[in-house]
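J.: Below are the chains, spelled out letter by letter.
4 protein chains.
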Amino acid sequence: MQNPLRSSIQDATSVSGDGDARFRALAAELAEVGKGFYARNWVLGTSGNFSAALSKDPVRLAITATGLDKGRLRPEQFLEIDEKETVIRGTGKPSAETLLHIEIVRERKAGAVLHTHSVWSTVLSGLYAAKGGVLMEGLEMLKGLAGVQTHEHREWLPIIPNSQYMAPLARVVSETLKQHPDAHGFLLREHGLYTWGADIDEARRHIEIFEFLMETMVRRMNVPHAI
Amino acid sequence: MQNPLRSSIQDATSVSGDGDARFRALAAELAEVGKGFYARNWVLGTSGNFSAALSKDPVRLAITATGLDKGRLRPEQFLEIDEKETVIRGTGKPSAETLLHIEIVRERKAGAVLHTHSVWSTVLSGLYAAKGGVLMEGLEMLKGLAGVQTHEHREWLPIIPNSQYMAPLARVVSETLKQHPDAHGFLLREHGLYTWGADIDEARRHIEIFEFLMETMVRRMNVPHAI
Amino acid sequence: MQNPLRSSIQDATSVSGDGDARFRALAAELAEVGKGFYARNWVLGTSGNFSAALSKDPVRLAITATGLDKGRLRPEQFLEIDEKETVIRGTGKPSAETLLHIEIVRERKAGAVLHTHSVWSTVLSGLYAAKGGVLMEGLEMLKGLAGVQTHEHREWLPIIPNSQYMAPLARVVSETLKQHPDAHGFLLREHGLYTWGADIDEARRHIEIFEFLMETMVRRMNVPHAI
Amino acid sequence: MQNPLRSSIQDATSVSGDGDARFRALAAELAEVGKGFYARNWVLGTSGNFSAALSKDPVRLAITATGLDKGRLRPEQFLEIDEKETVIRGTGKPSAETLLHIEIVRERKAGAVLHTHSVWSTVLSGLYAAKGGVLMEGLEMLKGLAGVQTHEHREWLPIIPNSQYMAPLARVVSETLKQHPDAHGFLLREHGLYTWGADIDEARRHIEIFEFLMETMVRRMNVPHAI
Chain A
1 MQNPLRSSIQ DATSVSGDGD ARFRALAAEL AEVGKGFYAR NWVLGTSGNF
51 SAALSKDPVR LAITATGLDK GRLRPEQFLE IDEKETVIRG TGKPSAETLL
101 HIEIVRERKA GAVLHTHSVW STVLSGLYAA KGGVLMEGLE MLKGLAGVQT
151 HEHREWLPII PNSQYMAPLA RVVSETLKQH PDAHGFLLRE HGLYTWGADI
201 DEARRHIEIF EFLMETMVRR MNVPHAI
Chain B
1 MQNPLRSSIQ DATSVSGDGD ARFRALAAEL AEVGKGFYAR NWVLGTSGNF
51 SAALSKDPVR LAITATGLDK GRLRPEQFLE IDEKETVIRG TGKPSAETLL
101 HIEIVRERKA GAVLHTHSVW STVLSGLYAA KGGVLMEGLE MLKGLAGVQT
151 HEHREWLPII PNSQYMAPLA RVVSETLKQH PDAHGFLLRE HGLYTWGADI
201 DEARRHIEIF EFLMETMVRR MNVPHAI
Chain C
1 MQNPLRSSIQ DATSVSGDGD ARFRALAAEL AEVGKGFYAR NWVLGTSGNF
51 SAALSKDPVR LAITATGLDK GRLRPEQFLE IDEKETVIRG TGKPSAETLL
101 HIEIVRERKA GAVLHTHSVW STVLSGLYAA KGGVLMEGLE MLKGLAGVQT
151 HEHREWLPII PNSQYMAPLA RVVSETLKQH PDAHGFLLRE HGLYTWGADI
201 DEARRHIEIF EFLMETMVRR MNVPHAI
Chain D
1 MQNPLRSSIQ DATSVSGDGD ARFRALAAEL AEVGKGFYAR NWVLGTSGNF
51 SAALSKDPVR LAITATGLDK GRLRPEQFLE IDEKETVIRG TGKPSAETLL
101 HIEIVRERKA GAVLHTHSVW STVLSGLYAA KGGVLMEGLE MLKGLAGVQT
151 HEHREWLPII PNSQYMAPLA RVVSETLKQH PDAHGFLLRE HGLYTWGADI
201 DEARRHIEIF EFLMETMVRR MNVPHAI
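Chains as they are written, first to last, in the working numbering: chain A, 1 to 227; chain B, 1 to 227; chain C, 1 to 227; chain D, 1 to 227.
Okay, chain A solo, but in the shape it has when bound:
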C-alpha cells in the first residue's frame, strides 16, 4: 500500500477524496516533530511554526495555528490554508508567518517548511547580521543538506532583518531565495531559522543540521585563545 505522506507530496495537485487522511497524517507527523524540537529547547514559549504542502500549485498547506505550545500540539490544532492564507479547514488563526511558508513552498517547491527559534540561532544571527549572512564551510555535517556531496561545500545562510510586517517581509524572503538559489535555509535576525525539504523528514533533517552547525560556530567562537 502506498504511503499517503509521500503521495501527498508527489501528486499534490489533486486534493480530494483521501484529502482528509493526508491532512491528518501530515498534521500528526508535524505534531511529533514539534515534541522533539520542544524537548531540545528549539521552540520554547510557543515560538516556531511548521507546515507541510498538501498541494504546491496552487499552494495548500497544513500549518500550525498561532500561539500554541509546540511541545503539546494535537493534529486537530492544525489548519489547512490556501495561498491567500484563507483557512479552509480547522479553527483558529494561522501562524503570523504563514506568508513566509507560502513563499518558500512557491519558490523552492518544498514539501515541508519548518521554523525553529533556538538560543544558538538568536546569538549567531545577531553576531553576523551586519554581514548579511553566515558562511558555513569545511564541516562534514553540511553533507546532510540535500544535494551536498562533500564537506568542502560552502553554504551561505542569509540573514534577513526581522520585521512584524509580513507582506514586505515575504517579499524580502522571496528575493533572498531568488538571489541565493542554492541556499537550504535562512535566518531572521534574532528570531530564528527557516528551512525546508522535499518532505517533512528532509526538512527536519535540515533543521537538525543547521541547529548543529550554528551551535558549533558559536561554541567555537567562545574559545578565547589559540591552542
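The set of hints was computed from the structure by calculation and includes no laboratory data. Check each hint, because a few of them may be wrong.
Stated by the list, open to error - Under the rule of at most 30 Å between Cα atoms (straight-line distance), these lysine-lysine pairs were calculated in the DSSO-like manner:
id: 1; chain 1: D; residue 1: LYS84; chain 2: A; residue 2: LYS84
id: 2; chain 1: B; residue 1: LYS84; chain 2: B; residue 2: LYS56
id: 3; chain 1: C; residue 1: LYS143; chain 2: C; residue 2: LYS84
id: 4; chain 1: D; residue 1: LYS84; chain 2: C; residue 2: LYS35
id: 5; chain 1: B; residue 1: LYS93; chain 2: C; residue 2: LYS143
id: 6; chain 1: D; residue 1: LYS143; chain 2: A; residue 2: LYS143
id: 7; chain 1: D; residue 1: LYS93; chain 2: D; residue 2: LYS131
The hints should help you fit chains B, C and D onto chain A, whose structure is shown.
T.: Below, chains B, C and D without anything else, positioned relative to chain A:
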C-alpha cells in the same frame, strides 16, 4: 462543559461548591509544570515554587508546600492558603516565599505565579545586580510576553537584592511592581526568576521566554571577540 | 505502616528480620537516582557510585558493584558490604571507592553517600586545585544544604588530590572531613563530587545543589568582560 | 542459557545456524544505542554510524544502512556485509564509511565500532587539527577506557583529515591505528569520533568517555582568565 481551570480564574471570587475540583485541577496542572521545569534544570534541589489563584479578592492560592522535589510533585502536596498565609487546605508548611506570590497576585491580578531558579538567571542577575535590572530588546522572543506586539519592545527585568526576611522583601517586590507597571517579571539576585500570567499556561510561557532570553544574553556575552 | 526506608536509617543498628526488604528498597531507590543522574550526564561511562547505610555502627552499606552503567542499574546489582569491604550479599566486586563511602558514613553519620562525575566538577576542580577548595557564597541555592538558613552562608568545598590508592586516599578524606566539620561535600580533583545526607533524598538534593553551583561558577567565569 | 550477544563475539567465526538470532540481537542493541546517542545530540541529522562484528576473520558486520535517522533505527534497517562491503542480508546501501568499520575490526579485533558526530568533537578536532591529535591526561574518566588503570594515563586521540574518498581514508585509518597501537579512538577533523570495544557495551562506554573528555576540554578552554 466548561473548563474548570479557566472558570476558576474568571469567576475566582466564588470559592465554593466545586472548589475541590478546581483546587485539584490547578494542583495537578502545577505538578505537571514542575516536571517539565525539573527536566530542564530550572528547579533543581527543591528550589522554585508555583501557585495558582483560586480567588484574587480576597487572595486565595493553591501553592507548593516547602521543601519538595519539584520533579515529583503530587497534587495532594499542594496547599490552599489565604492572604495571611494561613493554610486552609492540605498539610505542610507553604513555600517560604508565599508572601511574594500573594503580593504579585494582588498587584498584577495574576491567575498564576511561577518561580524558577536556573543557572542562567543566577549568572545574569549577579552580573547586572549593580544596574538594578536587565534591559532586553530587539529579540523576537519578547513577542511571547502578554500584550507585546513587536520585537522592538524594550523589556526591563528588575533585579531585587536577595533577602531571607520575607515581609520586607514582599514590600520591595510590591514597590518594584508599582514602579515598573509594564514589567512581566523580576529577578531576585542570584536566586531566580518570578513571572506570572492570567493563567498557568501564560505564566509557564513567560517562564520559557525569560529563561530563553537570559540564556541568550549570557551566551552572547561569552563570545569574546567581534566578528 | 512505617516506611521501611526511613526506619532503616533511624534504627539502623538492627539489621535482621526485614533486612531483605530494606536492602531491596534502598537498592531500588539508588537505581532510580542513577537513572536521573545518567540522564543529566553526571555519571557517564560507568562513572559514579552510590551507597545507602543499612547500619552505621557497625557500618553496613548497600553499594553499587563496580563497572556498571549507572543509567541501567537493577536492584539485584547492588551489594551489601561491611566496614572491611567484605561482600555479605550479592555477587560482584564493590565500587573501587567503597572505602571512601565507609569513611564518610563513619565521620558524618550519613544515611546515604552519592558520587557524581560531571563535566562541571571536572573543570572546576582542575581550576581551583591549587587553592585546595572552592568557596561558594552569596547564592540562594546554598540554602538547600542541610542546616543552612541563608544565602549569606559561606560553603567551603574542599578539593582533594586524586589517587588510585584507596587506603591513603580514605585517610585524606577522613582528615579533610575532620578539618572541615561543616562541609557538605568535597571534590576529588578532575574526578568528581562526593556528598551525603541523612537519607537518599537529602543526598540527592545535595548533589543537585552542588552540581548547580559548580555549573553556575564555571559559566560565570566564561563571561570575559565586565558589564 | 548462553547470551547470544556475547557468544556472537567470542566464537564469531562460525556464522551459521543461529546467525539470524545473533544478527537481530546485535541490530536491536545498536538501535537502542542510537536512541540514547540521538537524545544526547551526538548523531543529529542522520549523522553517525554503528556496527557490530558477526565475525572477525573473515570480517562480517551488522551495520547501519546509510541516511537513516539514528534516533528511530529499527533492527530491520541494519545490513549484514562482508569485508568487501557486499550486502549479504537486508536492503539498502551500507553507511558510506563502512570501509572504516571494516579496517577497525581488522586492526583492533573489535566486536563493535561506533561513530558519533557531536558539537564537541567538531569544535575540538578543528582546534587541534594542526597538531595531529589531542593529548588527554590527568583526568579520572580516562580510567573507563579498556585496560587503563590510572588517571595518570596519557591518551593520544589522533586527528585524521576529513575526506570523501573512502578507500584512501581507510588506508590512513589503518596506518594511524598501526602507529598508535594504544589509541582507543580517533577523530576525523570536523566530522566526529570513532571508537570501538570488545562488544557493544564497551564501545558505547568508550563513546561516553571520549564525548565527556572532549566536552570537558573545550569547556575548560572557555574560561578566559586564571583563577
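J.: Hint by hint, note whether the structure agrees.
T.: Hints versus structure:
1. D:LYS84 <-> A:LYS84: This hinted pair is violated, its Cα atoms lying about 56 Å apart.
2. B:LYS84 <-> B:LYS56: 13 Å, holds
3. C:LYS143 <-> C:LYS84: Status violated; Cα separation ~35 Å.
4. D:LYS84 <-> C:LYS35: Given that 30 Å is the threshold and the Cα spacing comes to 41 Å, the pair is violated.
5. B:LYS93 <-> C:LYS143: 17 Å, holds
6. D:LYS143 <-> A:LYS143: 35 Å, violated
7. D:LYS93 <-> D:LYS131: This hinted pair is violated, its Cα atoms lying about 35 Å apart.
Going through the hint list in order, the structure does not satisfy hints 1, 3, 4, 6 and 7.
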